[in-house]
Amino acid sequence: MTAATLFQSILASLPEIVVVTGACVLLILGQLVPKGQGHFLVWASAATVLVAALATLLLAGEVRPAYSGMFIVDRFAVFFKMVFYLSTILTFLLSRKYAEIEEIASSEYYVLLLFALSGMMIMASATDLLSIYVGLELMALSTYVLTGFLRKERRSNEAALKYVVLGGVSTGIFLYGVSLIYGITGTTQLDGMAAAVTGDPLDPGLLLAVVFIVAGLVFKVGAVPFHMWVPDVYEGAPTTITAFMSVAPKAAGFAVILRVFLNPLVAASDAWIIVAVIAVVTMALGSFVALVQDNFKRLLAYSSIAHAGFALFGVVAGGADGIAGVMLYLLIYAFMNLGIFGIVIMMRNGDFSGEVIEDYAGFAKSHRGLALLMLLYLFSLAGIPPTAGFFAKFYVLVALVERGFVTLAVIAVLLSAVAAYFYIRIVMVIYMREPERAFEPALTPSVRATLALTAAGTIGIGLFPAWFLRLAQSSVFGG
Amino acid sequence: MAFPLLSLIVFIPAAGAAVLMLLRNDDQVRWTALGVTVLDFALCIVMLAGFDTTTHEMQFTETRPWVPALGITYALGIDGISALFVFLTALLGWICVLASWVAIDRKVKEFMVSLLAMQALMLGVFCALDLFLFYVFWEAMLIPMYVIIGVWGGDGRVYAAFKFFLYTLAGSLLFLIGVIVLYFHGGETFDIRALMAQDLPFRVQSWLFFAFLIAFAVKVPMVPVHTWLPDAHVQAPTAGSIILAGVLLKMGAYGFLRFSLPMLPEASLYYSTLMLSLSALAIVYGGLLALAQDDLKKLVAYSSISHMGFVTLGIFTLNLRGLEGGILQMFNHGVTTGALFLFVGLIYERTHSRSIADYGGLMKAAPVYTAFLALFTLSSMALPGTNSFVGELLVLSGAFAANLAVGAAAVLGALLGAAYLLGMYRKVALGPASIGVRFKIRDVNARELVAILPLAVFVLWVGLYPKPFLNIIGPSVRHLLTQVHSNGGGQ
Numbered sequence: 001m002t003a004a005t006l007f008q009s010i011l012a013s014l015p016e017i018v019v020v021t022g023a024c025v026l027l028i029l030g031q032l033v034p035k036g037q038g039h040f041l042v043w044a045s046a047a048t049v050l051v052a053a054l055a056t057l058l059l060a061g062e063v064r065p066a067y068s069g070m071f072i073v074d075r076f077a078v079f080f081k082m083v084f085y086l087s088t089i090l091t092f093l094l095s096r097k098y099a100e101i102e103e104i105a106s107s108e109y110y111v112l113l114l115f116a117l118s119g120m121m122i123m124a125s126a127t128d129l130l131s132i133y134v135g136l137e138l139m140a141l142s143t144y145v146l147t148g149f150l151r152k153e154r155r156s157n158e159a160a161l162k163y164v165v166l167g168g169v170s171t172g173i174f175l176y177g178v179s180l181i182y183g184i185t186g187t188t189q190l191d192g193m194a195a196a197v198t199g200d201p202l203d204p205g206l207l208l209a210v211v212f213i214v215a216g217l218v219f220k221v222g223a224v225p226f227h228m229w230v231p232d233v234y235e236g237a238p239t240t241i242t243a244f245m246s247v248a249p250k251a252a253g254f255a256v257i258l259r260v261f262l263n264p265l266v267a268a269s270d271a272w273i274i275v276a277v278i279a280v281v282t283m284a285l286g287s288f289v290a291l292v293q294d295n296f297k298r299l300l301a302y303s304s305i306a307h308a309g310f311a312l313f314g315v316v317a318g319g320a321d322g323i324a325g326v327m328l329y330l331l332i333y334a335f336m337n338l339g340i341f342g343i344v345i346m347m348r349n350g351d352f353s354g355e356v357i358e359d360y361a362g363f364a365k366s367h368r369g370l371a372l373l374m375l376l377y378l379f380s381l382a383g384i385p386p387t388a389g390f391f392a393k394f395y396v397l398v399a400l401v402e403r404g405f406v407t408l409a410v411i412a413v414l415l416s417a418v419a420a421y422f423y424i425r426i427v428m429v430i431y432m433r434e435p436e437r438a439f440e441p442a443l444t445p446s447v448r449a450t451l452a453l454t455a456a457g458t459i460g461i462g463l464f465p466a467w468f469l470r471l472a473q474s475s476v477f478g479g
Numbered sequence: 480m481a482f483p484l485l486s487l488i489v490f491i492p493a494a495g496a497a498v499l500m501l502l503r504n505d506d507q508v509r510w511t512a513l514g515v516t517v518l519d520f521a522l523c524i525v526m527l528a529g530f531d532t533t534t535h536e537m538q539f540t541e542t543r544p545w546v547p548a549l550g551i552t553y554a555l556g557i558d559g560i561s562a563l564f565v566f567l568t569a570l571l572g573w574i575c576v577l578a579s580w581v582a583i584d585r586k587v588k589e590f591m592v593s594l595l596a597m598q599a600l601m602l603g604v605f606c607a608l609d610l611f612l613f614y615v616f617w618e619a620m621l622i623p624m625y626v627i628i629g630v631w632g633g634d635g636r637v638y639a640a641f642k643f644f645l646y647t648l649a650g651s652l653l654f655l656i657g658v659i660v661l662y663f664h665g666g667e668t669f670d671i672r673a674l675m676a677q678d679l680p681f682r683v684q685s686w687l688f689f690a691f692l693i694a695f696a697v698k699v700p701m702v703p704v705h706t707w708l709p710d711a712h713v714q715a716p717t718a719g720s721i722i723l724a725g726v727l728l729k730m731g732a733y734g735f736l737r738f739s740l741p742m743l744p745e746a747s748l749y750y751s752t753l754m755l756s757l758s759a760l761a762i763v764y765g766g767l768l769a770l771a772q773d774d775l776k777k778l779v780a781y782s783s784i785s786h787m788g789f790v791t792l793g794i795f796t797l798n799l800r801g802l803e804g805g806i807l808q809m810f811n812h813g814v815t816t817g818a819l820f821l822f823v824g825l826i827y828e829r830t831h832s833r834s835i836a837d838y839g840g841l842m843k844a845a846p847v848y849t850a851f852l853a854l855f856t857l858s859s860m861a862l863p864g865t866n867s868f869v870g871e872l873l874v875l876s877g878a879f880a881a882n883l884a885v886g887a888a889a890v891l892g893a894l895l896g897a898a899y900l901l902g903m904y905r906k907v908a909l910g911p912a913s914i915g916v917r918f919k920i921r922d923v924n925a926r927e928l929v930a931i932l933p934l935a936v937f938v939l940w941v942g943l944y945p946k947p948f949l950n951i952i953g954p955s956v957r958h959l960l961t962q963v964h965s966n967g968g969g970q
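Each protein sequence line maps, in turn, to chains A and B.
Positions 1 to 479 (the numbering used here) are the ones given, in order, by the first sequence.
Positions 480 to 970 (the numbering used here) are the ones given, in order, by the second sequence.
Next comes chain A alone, as it looks inside the complex (with noise of 0.2 Å):
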């Protein structure tokens, strides 16, 4: 590789390098901060994202391949990153209080999800299957500890160590089904896994390699059959980590299943119709299962099960709208998942958990503000207009009816109206029953912000869906 590559390839990376340095940086300095100085870490933190948005958006005017086809900075890996950097951002903002109550506020807590951060991005920008690895490890790792985060909490802990056990086999699995892509193609790249392909591309080696890959990803965006630690670690783990880990890890395993599915390997050897089962399943199983549910954390684990489950049609549908739909479903699912979530971790202060959905009873008698925004949230999960969820959902349905898939279509919607009424159901909790205690919600500045930033987005990508249609439709690799 001469100098002048080289260049290139750390240039192209220059985001990454700038949040693992300022990772690194933050850890020593967390150690030198005194206490009761955390909103340092905080500030610092999210100015390490902030200059790392700023690279992006530099180096997002040309396509940049780097470091000999493992990496690329395209505007598909442009956009995703810029949904990684806002769901950080909004739960840094999200954890500054929350750290204090739950008394996790350690600079290790940020360092974290900045590694994290870097380990998504990578995986958005990973154009070899080992690259995607890496990736893929380093936000998991991450997240593990994350999710044990509550030392004290038996949940917490039973939590990552299902996680890490769960998670280290679907890992194993990946890599066994990247060795047999291997030992078949004799690459590891996507672009050139296609070309080396010369015989029936439904040879039973190469199917079995691609049921494994599937199976290793899925595993990640908590689709079914590999949802089971979705419940458990959404529950046990820190809120704010409940938050990012629903919206930004999912994201960037959606990136990948993107990145690979439309490889044209994977799209010849009729993987669709196993993203279309799985799809459907996953919707059915989260929708369903959400119905029961009384904690609020488990009801949102299950709903982000059946949004996943959406967003994989999305997949089935495959094509430069199928592409897009995925890419603006995860957007606005990044804005409204955060936003409730943003009440939930907000309701917790003193004693009071806010975890269970009947502890919002009546709470709109006393917070019409705040009532009213979970009412949009919620309608907006739910998918009713004039939200972004609806936009959201009515775009992945456009792209499946296109490619002619109008029974999952109607699958899929029946299934949203389903998966609707455990969202009303909140409703009615929070505006038809009469108040049982007193809400003192922890509502700071910085969460004010995040309620305020989510809730624009949800109303107005609602309102105003074309500029980030066309953002999403021209994000799109090869399109």
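Here are a few chain B residues that face chain A, going by a calculated C-beta distance under 7 Å:
1. Val-546
2. Ala-548
3. Glu-618
4. Ala-619
5. Ile-622
6. Gly-629
7. Val-630
8. Val-637
9. Phe-644
10. Leu-648
11. Ala-649
12. Leu-652
13. Ile-659
14. Val-660
These are calculated hints, taken from the structure and not from any lab test.
C-beta: ideal position from N, C-alpha, C; glycine also.
With the hints as your guide, set chain B onto chain A.
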């Protein structure tokens, strides 16, 4: 671009709702809501004054790009059919505010905000000329209506609100798929006028017809998907019932008129017998159910099912008299049943009982109330001289021309209507005064009279001189018929 009158009509209530959120005092909220709805109504009169009754073309049109990548535009416009319902919605808007003046005594601000939001969305549904825009308005209505029933309703409000929400949502989601399929078959546009000009293959039309049918039949509601209606009506506050009966139910029928008939003419002709039979079933079955009710509100609710059966019957006769009668009957039902729900609400405010058995001899205690009640009851059973007579007569003559058996069933339904309505009136208004009721009843006051009078005026106006109303809808109906019969393949 011309003055955006329709946008103004649609968004004034929405802007009013935003203003209400800033107010603190309940009385201020009430007066502001009233002011906004009256202003909206005044604009509607301006709109009707400038309405050209000689053409079937869309008028007052506005078009702006909204999501160009998908061919979605923000397009508003009205023809004769929608003009009538825009007017009806605006009329019932301020009547609803008056009906809730004292009936809603807690969370007044939230209620009025929901009511105005509802108003804006309903007007949007009738004005939209873009299918996507239409769907957004159509579906967004679920949010305020769910809240209105669920928060301010009766004891079983939560159940009723859920049932209403899920029924309508399930129906409209299939409609959404239909809309997207139509989008791809109709040349990637959501423009309603362009889609009307498409000639789709019959197989596609059939599928779409049933996808649309589910959504619209739930809203109308047609038997057998009517079961949400009694619950929602009985539990909803008075204003909620008025909106439901007066406007929401019309949207299903409006959907048939705006989408099923002109866009899917072959399928509409092919399945018209099925639709006629379902309508006749609704007329008779709704009437029989109403006959057995002791709850006043339930009685009016079931009578709605029966009366909406006349509407769908008229529409699917697919002849001029039937269609004109059906559309006029939509307007009439909005006025008359809206008034009946208002009357049930008025008496309930006083006695907190809706059971017919608790009443009797109301005529002595509240003569003005019972006099108007008589008028609206007679109107509901289509006595000559009232509005429904004109509508039902047109529908029946259309129905007999289309299908003898269905016409006969409809006549039977009309007879049933006379039976349960007169029975109700006799038990409530005539006879000896019941002891429990006599001392509590106070006659209608000025505010209530203001809400009642315009409805009474329309009952008699349409009943005695329906020509202006038929003039408004005439050209559009005739155009609709040519669309159905010329594209429907020589039947």
